[in-house]
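Starting from the structure of chain S, add chains Y and D where the hints point.
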Amino acid sequence: MSSTAKTVSELAAHVGGQAFGDANLVVNRVAGLETAGEGEIAYVEDEKFFAAANASKASCVIAPVGSDLKALCRIEVKKPKLAFALIAEILHPAKKRAPEIHPSSDIAPSAKVGDQVFIGAFVCVGENSSVGDGTQIRAGAKIGDNVRVGRDCVIHPNVFLEDGVTIGDRVILHAGVVIGTDGFGYVRDEHSHHKFPQIGTVVIEEDVELGANTCVDRAALGSTRIGRGTKIDNMVHVGHNCDIGERVVIAAQTGISGSVTIEDDCIIGGQVGFGDHIRVQSGAVIGSKAGILPGKIVRPGVWWGIPIQPLDEYKRLNAHVSRLPQVRRELKELTERVKTLENELRQNGESDRD
Amino acid sequence: MSSTAKTVSELAAHVGGQAFGDANLVVNRVAGLETAGEGEIAYVEDEKFFAAANASKASCVIAPVGSDLKALCRIEVKKPKLAFALIAEILHPAKKRAPEIHPSSDIAPSAKVGDQVFIGAFVCVGENSSVGDGTQIRAGAKIGDNVRVGRDCVIHPNVFLEDGVTIGDRVILHAGVVIGTDGFGYVRDEHSHHKFPQIGTVVIEEDVELGANTCVDRAALGSTRIGRGTKIDNMVHVGHNCDIGERVVIAAQTGISGSVTIEDDCIIGGQVGFGDHIRVQSGAVIGSKAGILPGKIVRPGVWWGIPIQPLDEYKRLNAHVSRLPQVRRELKELTERVKTLENELRQNGESDRD
Amino acid sequence: MSSTAKTVSELAAHVGGQAFGDANLVVNRVAGLETAGEGEIAYVEDEKFFAAANASKASCVIAPVGSDLKALCRIEVKKPKLAFALIAEILHPAKKRAPEIHPSSDIAPSAKVGDQVFIGAFVCVGENSSVGDGTQIRAGAKIGDNVRVGRDCVIHPNVFLEDGVTIGDRVILHAGVVIGTDGFGYVRDEHSHHKFPQIGTVVIEEDVELGANTCVDRAALGSTRIGRGTKIDNMVHVGHNCDIGERVVIAAQTGISGSVTIEDDCIIGGQVGFGDHIRVQSGAVIGSKAGILPGKIVRPGVWWGIPIQPLDEYKRLNAHVSRLPQVRRELKELTERVKTLENELRQNGESDRD
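Chains as they are written, first to last, in our numbering: chain S, 1 to 354; chain Y, 1 to 354; chain D, 1 to 354.
The shape of chain S in the complex, shown without the other chains (with noise of 0.2 Å):
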């Protein structure tokens, strides 16, 4: 039994669910309905896959609460899926390096570094850079001046934060990761391009997880900011002076021009491209491939296509489109029609003036 290892009935009392079958079995794994085999635990939230549930071999099945299946083993709960990464976060913890500072490691003398840190080789950390208790710095990653990482942070590989950045508590970031360059802004006069003041900062809240190679430039005054628990997927562009709010998911490659403000959970799918000076509004959610023209307002709702509309209008004229052969088959026809009517009419009139 593996040092993370659960019985049934411990983990059912995890997720508050209710344990059927032999609680004391053993769980090592989560694994997928079709592949589980002994020692693990898959699950199953929609109906549509219960035939997969009963056909699994799976230990132990965690199922929606009164759902008829078969499985010997089981622990019913409200929301299966939920249950399942739960569950994962205890059978397969994310890895923990031993602390370390690697000796190959670059630490300039008036960095602070934490309490059972781990710092990879090739590691930079620049002057008066902090870094929190339990936070790991993997190999290669580079740590301007003036840099505050948090607490129990995972900063992977080839990561580089530039002077001057903020990044709170257990915030994530994915190799290659890029944050607090230059944002983009020029004034031009008649022979070239003047770079606009690039020297604010960026602050990433606790508990933000950033994709590999995303980008989040700093602010030309004041800060970009990236709240509390937001999620952003690879190849993310986010431009100087954006406010994006807490607990939002976005896809990736998602472009984000500078001063757009997204609010609290909004949803953000994959190559959406923002416009300079948007608000999303809390409750937004915008599909994938979209584009927002500059300075727009978002309201809650779901949004679609380039400009962005309402999903429901966005469909419909779609369905209008696609109607259009139809529409100018009819308008021939209708055509044809009018002019047969005005042929007779015109023939009444002559025949009337018989």
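For the record, the hints were derived by calculation from the structure and aren't laboratory data.
Among the hints, a few may not be true.
Identical copies go unnamed one by one, so any copy, or any two together, can satisfy a pair.
The calculated PhoX-like cross-link candidates involving lysine-lysine, where the alpha carbons are at most 25 Å apart (straight line), are [as the list claims (entries may be wrong)]:
#, residue 1, residue 2
1, K296, K96
2, K79, K315
3, K6, K57
4, K296, K315
5, K48, K6
6, K96, K112
7, K339, K315
8, K6, K195
9, K315, K6
10, K78, K6
11, K195, K79
12, K96, K6
13, K296, K81
14, K95, K195
Same frame as chain S, now just chains Y and D:
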């Protein structure tokens, strides 16, 4: 004569073509028709460029069989561009760094490094990882624990391979590639997002090439796979649990959500966006900037637009849309004619009643 | 008074403006109107913000000539935002790291490093490469063989410059930039893809700035070029053999396929997609998210949409599309009216025959 220089007859033999003119001429380099000079070989495939080929100062020109070119020295083959590529492989072999383990590199004691391997400065290779014979791992690349890298690979600078991923033989990973980071999946409760387990892995099969800063996420459960001979451009996002087949081509900045299957030999343009759980069947070609809704099955053929349509339909519909102003004009005119008819008919009726 | 602090009269002289009020006041920093306080200078360009300017606590405000502002101390100029940028250049000069060759760096014996150069930790500079006077190469940047980097450049952390590329003077490459990787070109035979030769190079001219994680591919044959004074945002893809002119501005996540020419002074939005062999003529402005078909010539003017159209046409067509529901309603009504006419006419005919 450099070590890779060849005579025209050697090159003709290599590509199964027929040499005309002085087959003993020595060729050192490939070049374009316009810039080629002595010792250089160019190609022409399209009749449009025959004039340029006739004007070229290349020592030798590769041309289609039976083409009526004046070039004194030429190689005739069925597919000149392919022959040009094959000849370039010989004249300009990829740089092969002399075997070396750079003293600054950090290689775990339990890692296994094959023969004739180049490991550059500031490279990490983690516990229980293996590097196949002849592979080159360039400066700053970071390889986690339990990673398997095949033979004759080139891992360019600052690549990151997360724990547990598998890289086949002859794979080329360009600078900044990130493989094996957590997929983007969360389950929400009332308060926050919980990470859906991302404990699967990534398998990159042999002869794959991935462009700079491209990211491939590990599977939630199971594997993300990129099949043999597939070529992917810069900054492409491949989500968790994707199954990309063999010899697929994917252009820059395309984003592929989780659990997408792309079958063998598909061609995908740049900036395409895939919703999750899509299946693209073998032989499909998807145009740049297309958007595909989740769960869709994409049949063989050429697809275009957001959401995707067969290219023919897309073009036809676009033509209809572009004629909308005319439709509205016609509708207005027709309305006038109907009004006239109604008036006439009413007057007739009145005059009848007179 | 910090070393960069200036009096209002010094700043006014620097930007060719006229000082009003206490011209001996000392200014240390630039700031926004709302947050500025003592020792700070703000600007106002648009009348919309005159009220904010009047309410500002800035020590000095830069304002348009003849603007009726209450600010006791102000500098009047024709272009306040430009003056603000020029003043920021003086008050907040870019960080200049003291000359140093970090002992951990790996510099080839044949490399030539100029005077007053900063080379950070874990940097590589390859054989026969040169670094110009005053250039800063920050931690973890990797420079290949035969690379030429000009004077007074800033190469930020984890940048990669592949063998043979040329970087002009005063170039800024933000973290994670990749220059000179193979272009994306293959020729297929029955079995697999063969790499089309990617043996050209990249030339980045002086005063160019490239955003974080941006990638510029080497030419197949010849050079990929980015012209003097051009500014490119984060995560832009520049394909092989592109020729980008001078003073071009390209926003984040735009993708440029092979052999595209963008002439001087063009402005390109974010997430734009270019097919290959396009020529964008000087003076063209391309809106964000636009898509341009291969081979197209884009004339001066403002362009929008997929595929691109002149902005006016795009808007007009969009307006037509949004009125499609009305068109269909009108068509339906008109059809009813025609039917009525037909019935009436038939009845008339019948009654005539009576």
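Right, here's what the structure says about each hint:
1. In the homo-oligomer, the alpha carbons of K296 and K96 never lie at most 25 Å apart, since the shortest distance is 44 Å inside one protomer and 39 Å across protomers.
2. In this homomeric assembly, K79 and K315 never come within 25 Å of each other (Cα to Cα): the closest approach is 31 Å inside a single copy and 46 Å across copies.
3. Within a single copy, K6 and K57 get their C-alpha atoms as close as 18 Å, which meets the 25 Å cut-off; across copies the closest is 62 Å, which misses it.
4. Taking CA atoms no more than 25 Å apart as the test, K296 paired with K315 passes in both settings, with 21 Å inside one copy and 17 Å between copies.
5. In this homomeric assembly, K48 and K6 never come within 25 Å of each other (Cα to Cα): the closest approach is 29 Å inside a single copy and 64 Å across copies.
6. In this homomeric assembly, K96 and K112 come within 25 Å of each other (Cα to Cα) both inside a single copy, at 21 Å, and across copies, at 24 Å.
7. Taking the closest pair of Cα atoms, K339 and K315 never come within 25 Å of each other, the shortest separation being 35 Å inside a single copy and 31 Å across copies.
8. Taking the shortest alpha-carbon separations for K6 and K195, only the inter-copy value of 19 Å comes in at or below 25 Å, while the best intra-copy value is 58 Å.
9. For the identical chains of this complex, K315 and K6 are neighbours neither inside a copy (48 Å) nor across copies (59 Å), given an alpha-carbon limit of 25 Å.
10. In the homo-oligomer, the alpha carbons of K78 and K6 lie at most 25 Å apart inside one protomer (21 Å), although the nearest pairing across protomers, at 66 Å, exceeds that limit.
11. In this homomeric assembly, K195 and K79 come within 25 Å of each other (Cα to Cα) only across copies, at 15 Å, whereas the closest approach inside a single copy is 51 Å.
12. For the identical chains of this complex, K96 and K6 are intra-copy neighbours only, at 19 Å inside a copy versus 51 Å across copies, given an alpha-carbon limit of 25 Å.
13. In this assembly of identical chains, K296 and K81 lie within 25 Å of each other by CA distance solely across copies; the values are 24 Å between and 36 Å within a copy.
14. For the identical chains of this complex, K95 and K195 are inter-copy neighbours only, at 14 Å across copies versus 42 Å inside a copy, given an alpha-carbon limit of 25 Å.
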